[in-house]
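Given chain A's structure and the hints, the job is docking chain B onto it.
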Amino acid sequence: KQEVTQIPAALSVPEGENLVLNCSFTDSAIYNLQWFRQDPGKGLTSLLLIQSSQREQTSGRLNASLDKSSGRSTLYIAASQPGDSATYLCAVRGRGGGYQKVTFGTGTKLQVIP
Amino acid sequence: DVKVTQSSRYLVKRTGEKVFLECVQDMDHENMFWYRQDPGLGLRLIYFSYDVKMKEKGDIPEGYSVSREKKERFSLILESASTNQTSMYLCASSLLGTGVNEQFFGPGTRLTVL
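Sequences listed follow chains A and B, in order. Using the numbering used here, you'd call the opening residue of the first sequence number 1 and step up by one each time. Using the numbering used here, you'd call the opening residue of the second sequence number 1001 and step up by one each time.
Excised from the complex, chain A in its bound form (with noise of 0.2 Å):
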């Protein structure tokens, strides 16, 4: 069974810090793996997806790696601003179980302080 941990669970910086946040997962048999931002109270925004044959993808001041062997991913966030403070997710979408089965992390939540 797929297992997904995301590390701190709450991060605070402050503004201006590169930052990563990490995910990992136990089984490295996967299609994919996306990070997601979520507001309080809010739904989830898709920031990056990257597929299980990428190394990392970017999108502006985002950055997200994937180490599949090691079951690692992290997403880099370069100069943070207040604005970023979220909580980030990601998820992997495994081959095992039905291939539309797709593992969430609990999140790491960021305060950016200005």
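In short, the hints are calculated from the structure, not lab data. Keep in mind that a hint or two might mislead.
27 Å max Cα-Cα, derived BS3-like pairs, lysine-lysine [what the hints assert, rightly or not]: (1) A:LYS109 <-> B:LYS1070; (2) A:LYS1 <-> B:LYS1003; (3) A:LYS101 <-> B:LYS1071; (4) A:LYS1 <-> B:LYS1057; (5) B:LYS1018 <-> B:LYS1071; (6) B:LYS1003 <-> B:LYS1070; (7) B:LYS1071 <-> A:LYS109; (8) A:LYS101 <-> B:LYS1013; (9) A:LYS101 <-> B:LYS1057.
Structure of chain B alone, referenced to chain A:
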């Protein structure tokens, strides 16, 4: 832009009531999903559907049923609401098939059962 809408942002119901949560997507996606999100437990899949009138159980289907009569609409039904079904409910959609399958989420429905 993909748009996934949910019928209500907030809902308050009484124990034993029948509850309908509606989700509509406008991108002709084959797959639709219902999740619930609880603190410390993350997102858990209740049901998903990959075609009209087709449905598959997720991880926690007990106490729920679904209906997909039209491709763009996926309904979650709580036959007899209970207090332990108080939660945030999130609907998502994606294309069918392997590959990208990026999931797009609605804004969520915060359901309180008294």
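For each hint, the structure was consulted:
For the given pair, LYS109 of chain A sits about 37 Å from LYS1070 of chain B by alpha-carbon distance, which is inconsistent with the 27 Å threshold. Between LYS1 of chain A and LYS1003 of chain B, the direct Cα distance comes to roughly 31 Å. Violation of the 27 Å bound is thereby established for this hinted pair. Of the pairs offered as hints, the one joining LYS101 of chain A and LYS1071 of chain B holds, with about 20 Å between alpha carbons and a cut-off of 27 Å not exceeded. With a CA separation close to 16 Å, the supplied pair LYS1 of chain A and LYS1057 of chain B stays within the 27 Å bound.
A distance of roughly 23 Å separates the Cα atoms of LYS1018 of chain B and LYS1071 of chain B; the hinted pair therefore holds under the 27 Å criterion. This hinted pair checks out: LYS1003 of chain B and LYS1070 of chain B have alpha carbons roughly 16 Å apart, not beyond 27 Å. With a C-alpha separation of about 35 Å, the suggested pair LYS1071 of chain B and LYS109 of chain A falls outside the 27 Å cut-off, and the hint is violated. Between the alpha carbons of LYS101 of chain A and LYS1013 of chain B the distance comes to roughly 30 Å, so the proposed pair goes past 27 Å and is violated.
At most 27 Å may separate the alpha-carbon atoms for a hinted pair to count; LYS101 of chain A and LYS1057 of chain B meet this at roughly 11 Å.
Hint violations for this structure: numbers 1, 2, 7, 8, all remaining hints satisfied.
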